[in-house]
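J.: If you read the sequence shown in the UniProt record's numbering, its first letter stands for residue 1, the second for the next number, and so on.
No wet-lab data here; the hints were simulated from the structure.
No experiment lies behind these values; they were computed from the predicted model shown.
Glycine residues also receive a C-beta, built at the ideal position from the N, C-alpha and C atoms.
Be a bit skeptical, because a hint or two may be false.
Using 25 Å as the maximum straight-line C-alpha spacing, the simulated SDA-like pairs for lysine to any residue come out as follows [unchecked claim]:
| id | residue 1 | residue 2 |
| --- | --- | --- |
| 1 | K61 | G24 |
| 2 | K61 | G94 |
| 3 | K61 | L20 |
| 4 | K61 | G12 |
| 5 | K61 | G27 |
| 6 | K61 | V5 |
| 7 | K61 | S19 |
| 8 | K61 | N40 |
| 9 | K61 | P36 |
| 10 | K61 | D72 |
| 11 | K61 | R3 |
| 12 | K61 | C87 |
| 13 | K61 | Q22 |
| 14 | K61 | V79 |
| 15 | K61 | A75 |
| 16 | K61 | H74 |
| 17 | K61 | Q15 |
| 18 | K61 | Q41 |
| 19 | K61 | A18 |
Label-pair ranges, simulated between beta-carbon atoms [as the list claims (entries may be wrong)]:
| id | residue 1 | residue 2 | range |
| --- | --- | --- | --- |
| 20 | I90 | E67 | 40 to 48 Å |
| 21 | E88 | V51 | 38 to 46 Å |
| 22 | G27 | A95 | 34 to 42 Å |
| 23 | E23 | G94 | 17 to 25 Å |
| 24 | R81 | P36 | 17 to 25 Å |
| 25 | Q22 | A80 | 25 to 33 Å |
| 26 | I82 | P36 | 36 to 44 Å |
| 27 | E34 | R3 | 17 to 25 Å |
| 28 | I7 | G70 | 17 to 25 Å |
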Amino acid sequence: MQRIVIIGTGQGGQQAAASLRQEGFAGQILMLGEEPGLPNQRPPLSKAYMVDGDAGALILKPASFYERTGIDLHAAISVARIDRPACEVIAADGAAWL
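Could you build the full structure based on these sequences and the hints that come with them?
T.: Here it is, written out as C-alpha cells:
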C-alpha cells in the first residue's frame with residue numbers, strides 16, 4: 001500500500017491531504033503536527049480569535065472529516081528528522097513513524 005506522510009498540520013498540510021483524497025489517492029495519509037488539536041487557520045488567528053475568543057471558528061475541518069476520509073491525524077508530535085533510507089519519520093521523543 002502506498003503511504004504519504006505530511007509533516008505539518010497547518011492549512012497547507014490539511015489542504016495537501018484533502019487534495020490527495022479528492023484526486024483519488026487511496027493509500028495511507030499520515031499527518032504529523034507539532035501543535036495540539038485539529039488543523040486551524042493561522043493567518044486570521046490574531047484578528048478573529050482576539051475579537052470573540054471562539055477557537056472553534058478557526059478549525060479548518062472537523063474531526064469527522066479526517067475519520068471519514070481516512071486521514072490519520074496525529075497532533076502534538078514534534079518531528080526531529082526524516083530517515084530516508086529506512087522510510088521513517090523520527091519524532092523528538094524517539095518514536096518512529098513508518
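J.: What's the verdict on K61 and D72, does the C-alpha distance respect the 25 Å limit or exceed it?
T.: Status holds; Cα separation ~14 Å.
J.: Would you say the C-beta atoms of E88 and V51 sit inside 38 to 46 Å of each other?
T.: holds (42 Å)
J.: Are the Cα atoms of K61 and V79 separated by 25 Å or less?
T.: holds (23 Å)
J.: Within a Cα-Cα threshold of 25 Å, do K61 and P36 meet the stated pairing?
T.: holds (15 Å)
J.: Is the distance from the Cβ of I7 to the Cβ of G70 consistent with 17 to 25 Å?
T.: holds (19 Å)
J.: Quick one, are K61 and R3 close enough, alpha carbons at most 25 Å?
T.: Roughly 22 Å between the alpha carbons, so the hint for K61 and R3 holds.
J.: Would you check the hint for K61 and Q15, treating anything up to 25 Å between C-alpha atoms as holding?
T.: holds (10 Å)
J.: Taking the CB of I82 and the CB of P36, does the distance hold inside 36 to 44 Å?
T.: Check failed, 22 Å falls outside 36 to 44 Å.
J.: Compare the distance between the alpha carbons of K61 and G27 with 25 Å, and conclude whether the hinted pair is satisfied.
T.: Holds, at roughly 20 Å.
J.: Does the alpha-carbon distance linking K61 and L20 stay inside the 25 Å limit?
T.: Holds. K61 to L20 sits at ~15 Å (cutoff 25 Å).
J.: Would you mind confirming whether the straight-line C-alpha gap from K61 to A18 stays at or under 25 Å?
T.: Measuring from Cα to Cα gives roughly 10 Å; hence the hint holds.
J.: For the pair we were handed, K61 and G94, check the Cα-Cα distance against 25 Å.
T.: At roughly 29 Å apart (the allowed maximum being 25 Å), G94 and K61 break the hint.
The structure fails to meet hints 2, 12, 20, 22, 23, 26 from the earlier list, while all remaining hints are met.
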